[in-house]
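*Asks:* Below are the chains, spelled out letter by letter.
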Amino acid sequence: MEREDVLKAAELAKLDYSKSDLREFEGVFQRIINLVEEFQKIDTEGIKPTFHGNNVMNVYREDVAVENPNYQDLLDNAPTVQDTFIQVPAIMETEED
Amino acid sequence: MVKYPKTIKGIKDGLAAGDFTAVELVESIYAYIDAVDGKVKAFLTLTKEQALEAARQADEIGYGPDAPLLNGVPFAAKDNVMTKDILTTCASKMLEDFKPTYDATVVKKLRAAGAILIGKVNLDEFAMGGSTENSYFHPTYNPWDLERTPGGSSGGSSAAVSSRQVPFALGTDTGGSIRQPAAFTGIVGFKPTYGAVSRYGVAAFASSLEQLGPLTLTVEDAAIVMDAISGPDEYDMTTLQEEITNHGEKIGQSIEGMRIAVPKEFVSDVITDDIRKALQEAIESFEEQGAIVEEVSMPNVTYGINAYYIISSAEASSNLQRYDGIRYGYRHPDAKTNEEVYTMSRSEGFGEEVQRRIMLGTYALSSEHYDLFYEKAARLRTLIIQDFKRVYEDYDVILSPTTTSSAYKLGGRVEDPVEMYMADILTVPVNLAGLPAIAFPAGFDKLGLPIGLQLIGKPLDEKTLIQVAHNYEVNNDYVLHEPEL
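Chains as they are written, first to last, in the numbering used here: chain P, 1 to 97; chain L, 98 to 582.
Calculated from the structure, these hints are not laboratory results.
With a straight-line cut-off of 25 Å between C-alpha atoms, the simulated DSS-like cross-links for lysine-lysine are:
id, chain 1, residue 1, chain 2, residue 2
1, L, 145, L, 196
2, L, 433, P, 8
3, L, 106, L, 145
4, L, 361, P, 41
5, L, 486, P, 48
Using the sequences and the hints given, assemble the complete structure.
*Replies:* Following this line, the structure appears as structure tokens:
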């Protein structure tokens, strides 16, 4: 397992590792990978993967719009709100940053 | 204060007989919680005002034959279950101040059945863990020995019920998180067939593996709660249309001729001698009752752990993406760009174990590793499902231990995640296969700590599990033992 792999995973997962955390983390992570890799010895040729908990798929309902009178409640959970918008820091970095 | 029975059945009978009112019951319960929860620390939030109001309403409705199924019966809910306007933290800094705007479907059903929410109980953060030591707030302590874990991740639930603070609690089981805590605290823990109970309003960890279920003192009590909470839900498209009604229908029926399989891979060196003895005792009891108990082999189940940790972590990495510091939850005060909002909030808001699993899941799903990790694990899952199907061609239920040891000391394993993971070896295959399972009291070890055994059933065969577990319950007195607090 390469350090680049770990850093790439951290970037995808939006998690931050300082140099010291990273070293500690890598150690444990490698042991977990080793544990899991044991299963490589099992022959799964021709076996279809199972991704779901059961066979219930594609459950439909009528395409009818329903009103949600409580949308204001959802804004109560946001850290910073303006009117009906959730306020966030700048999305794009400018020259000043 | 009033004296009151500790079981659901006992409480229902007592209310119907007019021995006490729901208001008296609820007041007595809060007094008891005051007296003991300082030591056990099962509860994160108490909802006394609403509980007393619900108790008043229950008393008004009354306890005649047409009363709702759980009218006046108190319960606790694991803190990863949404309760409207009531703090629901998932035991994480990420949701430390979070109050949902809706009730989980199961909570709605329980309220409609007249049950009274006493409070929210502790868990491992986002249900990831086996000891409740991963809670952001504090650990919970095993009522049988306060230096030991009550199990996890539903440790608050198991501790609250085994200390008799509430007659039942909701837990969630993704890899054994209802069954293992039940086994560690000498109570009943029930995991339904995947899809039997709605997951709407339960903070998602691993969507293809988890189910909500009850922790209770007796098997009959578990059947009652299952009647109240199971059934299809339009808000959870993985729920099954076939509904089980009257889970306790086969209670008391003879188990003569029933075929019980004991997988030899579950009885290997990994379990302690005391647990091996408890298993032998159960086998003898079932044989005495006329059941046929035989050893079988399920060669792929030992790799359940490997498949489980890949699949559950992969699903978790996807499910936990929603915690981005934008719309709800913790937002890091120093974040200056959107990217920083995500990364800083998540790195600060999630505990170590949660971050480990997100990383493992992200790694397993990345394009270079997908085939070798995630897809391979999914194929292994199929092999395990096939192992179960093969056994069920000739047997009705599977009997095994639930845990490899009894409750261990706090701080004993949390430092070594890999050792922690290996302990789940007996429970995770059940989640991979989506089967129902029950953990039930089966005695005590040399130190006086509870031992729980496990019965695993065919899909939607909850009634047989309840029948067999109940049979064991009435043929010993383990359910009468209480921890001293």
